[in-house]
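Asker: Next come the chains, spelled out residue by residue.
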Amino acid sequence: MATPIIMPRQGQSVESCILVEWLVDVGATLEEGTAIASIETDKAIFEVESPAAGTLVARFFEEGDDIPVLLTIAALGEPGEDASALKPDSAGGAEVAPEVEAAPVAAPVVAVAPVVGCGQKAVGVSPRARKAAAASGVDAQILAGSGPGGRVIERDVQAAAAGQPRLSAAARDVAAATGLAAPAQGSGLGGMVLASDLGTTSAVAAAVDAPAIPTGEPTVVPLKGIRKLIAGKMHESLATTAQLTMNMSFDATGILAYRAKVKAQGEALGLPNITINDVVAYATVQMLMVSPSLNAHFLGDKTVQYPFVNLGIATDTERGLMVPVVHGASEMSLCELSEEIKPLLADCQKGNINPDLLTGGTFTITNMGMLGIESFTPVLNIPEVAILGVGGLSLKPVMKDGEVKHVQSINLSLTVDHQVVDGAPAARFLKTLCMSLENFELTLAK
Amino acid sequence: MKYDLIVIGSGPGGYVAAERAGEQGKKVLLIEKGELGGVCMNCGCVPSKTLLNSSKVYYYATHGEAYGVKSENVSFDLAAVIARKKKVVETLRKGVAGLMKRNKVTVVKGEAKLVSRREVCVGDEVYEGDAIMIAVGSSPAKPPIPGIDNDCVYDSTRLLDLETMPENLVVVGGGVIGCEFACFFGTLGVPVTVIEMLPEICPAVDPQIAKMLRQELTKRNITFHVGARVESIGKADVTFSVKDKKETIKASHVLVATGRTCNVNGLGLEDVKIDFDRRGIKVDDCCATNVPGVYAIGDVTGKQWLAHSATRMGEVVVHNLCGRPDHMRYDAIPGVIYTTPEVATVGLTEAQAKEQGIPVRVGKMPMAASGRFLAENEGGRGVCKVIVHAETSVLLGVHMIGGTCSEMAFGAAAMIESEMRVKEIEELVFPHPTVSELIRDTLIMTSH
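Which chain is which? The protein sequence lines are G and P, in order. 1 is the number of the first residue of the first sequence in the working numbering; add one for each residue after it. 1001 is the number of the first residue of the second sequence in the working numbering; add one for each residue after it.
Derived by calculation from the structure, the hints in this document are not laboratory data. All values derive from a computational prediction rather than experimental measurement. By construction, the Cβ of each residue, glycine as well, lies at the ideal position given by its N, Cα and C atoms. Hints may be right or wrong, so weigh each one.
[Said to hold, decoys possible] Residues from chain G that keep clear of chain P, each with C-beta distances beyond 12 Å, as calculated:
#: 1; residue: P8
#: 2; residue: E15
#: 3; residue: W22
#: 4; residue: V69
#: 5; residue: G150
#: 6; residue: L223
#: 7; residue: R227
#: 8; residue: M234
#: 9; residue: P272
#: 10; residue: F298
#: 11; residue: F308
#: 12; residue: G320
#: 13; residue: H327
#: 14; residue: L357
#: 15; residue: I382
#: 16; residue: P397
[Unchecked claim] Taking CB as the label site, the calculated pair distances span:
#: 17; chain 1: G; residue 1: N247; chain 2: P; residue 2: S1139; range: 51 to 57 Å
#: 18; chain 1: P; residue 1: D1271; chain 2: G; residue 2: K396; range: 35 to 41 Å
#: 19; chain 1: G; residue 1: G190; chain 2: P; residue 2: L1198; range: 34 to 40 Å
#: 20; chain 1: G; residue 1: G190; chain 2: P; residue 2: A1141; range: 34 to 40 Å
#: 21; chain 1: P; residue 1: Q1352; chain 2: G; residue 2: G320; range: 54 to 60 Å
#: 22; chain 1: P; residue 1: V1126; chain 2: G; residue 2: H235; range: 46 to 52 Å
#: 23; chain 1: G; residue 1: T178; chain 2: P; residue 2: H1448; range: 25 to 31 Å
#: 24; chain 1: G; residue 1: T178; chain 2: P; residue 2: G1259; range: 41 to 47 Å
#: 25; chain 1: G; residue 1: A134; chain 2: P; residue 2: K1211; range: 46 to 52 Å
#: 26; chain 1: P; residue 1: P1359; chain 2: G; residue 2: E15; range: 40 to 46 Å
#: 27; chain 1: G; residue 1: A424; chain 2: P; residue 2: D1271; range: 41 to 47 Å
#: 28; chain 1: P; residue 1: K1109; chain 2: G; residue 2: N247; range: 55 to 61 Å
All chains, please: the whole structure from these sequences, using the hints.
Answerer: Encoded structure:
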């Protein structure tokens, strides 16, 4: 029966060795102690000796292979004997039982100078590479090797030496002692890396009074769910339309008084808590009914104007921006509209809104007034051709009866798709809307 | 006409930058309101060195006995010395003009004013440039001393054209300029008094070396009053006080050398919103100002009052404009005082190292340890002082006084710039016998 020749374990920390060279061919007659292969750890080169006299009947690895220790690398037997049973399987192979005596190994034949540097250990460094590294000051341990199994070979070191920054003698010593990496460009003569440059990314930039680069891991937030939808829709909106935003403010004294009145006496009359937003929404719906060009969808080759208003109300939720739609808003009284909007918004917050109520809008209102925004550029909720942004209350000086007075006013920001809505009609709509809000009681009377 | 670079000021910063940029094929305009070469060439470094050398020749002629050379009836002709100075300056100026021509630099004479970040006007003419380099230098400062406008008061520029020997000279300010003029006139036998406000002359220099310089200069008809404040200047006298004790001394001539001020006025810096104050135009390590495309170099930045710093700063700007990344390093720029003996310093002083918390070893060796020094400086004193990092043995500073040590400064600068340690410097071969060997010897002594 054939005898396995195993890859010896060269010390506790060695997990694999590189097969440098086969010293005998299959069929060769071996004495006990004949060197059959030279192997290499990252410390030195050794020879594997034949454990007994016999004929080499099989070699299971190629030169350059990185072989885990205690694996069978060859077989010894009678000439012509089939030793394939001993071949370790390709998936790394079962280790030969530990009781199999390791092949005796000759003393190291190559002593290698210690290498400076203390970077992360590579798969291994060939002795030639190690020598080249010592000569050129390259830390071979931290190079990505191009040899078998990622082993660092001489040409890796040469390439690194050619491309590496020139370190001052002092910097080289500090680098070796601390393991600090050298930047590609130093701050010294002709880009020489000085000791103080080590550990910086670009010493030159650092020298130019750059602020310290803050460190820390960034938080990665995957794009999914509602955020993905918003991202796509917003981008599509800005990419496919010609958005034009205009601003106008109206004197809110009237609607504030109206709201105060509702708040004070509404409960007795069974009225809901009507908000400023409700008021603006109601007036908008009324004005849209007489401005069909803004209550429309643009579908590329045509616009579709609607005889009713389904009003979208943009709302901020934990999951992101949502636009629930009040269907048939044009059929509602202020009171009904107010009562319709509140549960819609609440459902959005809770996250249990009926998806059908998120579609079918013909016009959208977005209110950022409660966040202190005075005016902004709302982004069209395509295919709608217009969107109204509502700002917060602010004091505006106006000339009244020959003197300057400060009145509470609210800014409205109207964005239209200029592809199908011209500036003048949009401006006229905004003007009418402002007037209807300034004279809200008349609007209600309609 | 549009230029790649407009340089304002043709001093050692401006003209070298113009030359280098022109050499690289850039279209360069150089604007100068005075003479080509600026202060350095016309009324600074070069003329003062010409004068100092004449005084040195005179000194050797009158003190040759120490070397076994006797001479009699030696006289000094100040008018002839000034004439020679003019000749030297003229030759150099022509050289600069030739350099500009060879490198196709357009030279315009007149006062420049920035119109915008891309435009400079000279008179009615407006020139456009992709980059503008302000290299307008500095002027002698005029401290608020009563009598500062008296006829007997000179600044360094005017004193260089003096054709008759002063009866006696009082120098206000014991800095580099004050010491050099004191040395010149003192060597020629003029009684000189130097009044310095600080406790020691040349405050930027290692105190031990400054003290030795003061002692050596005292041998040349120079009296020093340190820690002294000039109270007033009369028609032909100067009154100063030391610790409340007032004293008035005669002064046929008074040199005010209390420093220099940046030429930041009249350039239109405010109009173009360039960040500056009276201490200079603010620049980064690439000599860029806060306004893109506008650079400032040399004295006007207030960074260092040295011609060679200005030259290097100009080069940094040109290199960056030509696509070669470069930046200023101020750690190893030599400083020299061209007195006899000369003082040369490069890098950190012991005090600066201490201030920065850098652990250092300090080595000192007398210049007399050098055979060459001994042979050529009969009775002369000098010292070489080295500052070495205590842990890494990197050379951080070299400070010297003695002989013509200014010529050795570049070597020290090269070693410091290369971050060389004593170990590497030991492997350098210095020519023998030269005084420069002292640097190496002092370093070796320091490390053993």
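Asker: Does each hint fit the structure? Answer for all of them.
Answerer: Results of checking the hints against the structure:
Every CB of chain P is more than 12 Å from the CB of P8/G (nearest about 42 Å), matching its label as outside the interface. No Cβ of chain P approaches the Cβ of E15/G within 12 Å, the least distance being about 38 Å, so the stated non-interface status holds. Chain P leaves W22/G outside its interface by the beta-carbon criterion, the shortest separation being 46 Å against a cut-off of 12 Å. Chain P leaves V69/G outside its interface by the beta-carbon criterion, the shortest separation being 42 Å against a cut-off of 12 Å.
No beta-carbon of chain P comes within 12 Å of the beta-carbon of G150/G; the shortest separation is about 34 Å. The beta carbon of L223/G is kept farther than 12 Å from every beta carbon of chain P, the shortest such distance being approximately 37 Å. No Cβ of chain P approaches the Cβ of R227/G within 12 Å, the least distance being about 39 Å, so the stated non-interface status holds. Separation of M234/G from chain P is adequate, the least Cβ-Cβ distance of about 34 Å exceeding the 12 Å criterion.
At roughly 58 Å, the least C-beta separation between P272/G and chain P is larger than 12 Å, which holds for a residue marked as non-interface. The claim that F298/G is not at the interface with chain P holds, since no C-beta of that chain comes within 12 Å of its own (minimum 44 Å). No Cβ of chain P comes within 12 Å of the Cβ of F308/G; the nearest lies about 57 Å off, and the non-interface call holds. With 12 Å as the threshold on Cβ separation, the claim that G320/G sits away from chain P holds: the shortest Cβ distance comes to roughly 40 Å.
Once the 12 Å rule is applied to beta carbons, H327/G is consistent with being away from chain P; the minimum gap is 56 Å. Chain P leaves L357/G outside its interface by the beta-carbon criterion, the shortest separation being 54 Å against a cut-off of 12 Å. Once the 12 Å rule is applied to beta carbons, I382/G is consistent with being away from chain P; the minimum gap is 41 Å. Annotated as non-interface, P397/G keeps its C-beta farther than 12 Å from every C-beta of chain P; the closest such distance is 33 Å.
Remark: the range hint 51 to 57 Å for N247/G to S1139/P is upheld by a beta-carbon distance near 56 Å. Taken as a hint, the range 35 to 41 Å holds for the pair D1271/P and K396/G, whose Cβ atoms sit roughly 38 Å apart. G190/G and L1198/P have their C-beta atoms about 38 Å apart, which keeps the hinted 34 to 40 Å range intact. The hint said 34 to 40 Å for the Cβ distance between G190/G and A1141/P, and at roughly 37 Å that hint holds.
Checked against the hint of 54 to 60 Å, the pair Q1352/P and G320/G passes, with Cβ atoms roughly 59 Å apart. In this structure, V1126/P and H235/G meet the distance hint of 46 to 52 Å, their C-beta atoms being roughly 47 Å apart. As the Cβ distance of T178/G to H1448/P is approximately 27 Å, the hint placing it in 25 to 31 Å holds. Range check, T178/G to G1259/P: about 43 Å between beta-carbon atoms, so the 41 to 47 Å window is met.
Between A134/G and K1211/P the beta carbons are some 49 Å apart, a value that agrees with the proposed interval 46 to 52 Å. Evaluation of the 40 to 46 Å hint for P1359/P and E15/G yields a pass: the beta carbon distance comes to about 44 Å. Between A424/G and D1271/P, the C-beta spacing of about 43 Å keeps the proposed range 41 to 47 Å intact. Here the CB-CB span from K1109/P to N247/G is close to 57 Å, well matched to the stated 55 to 61 Å.
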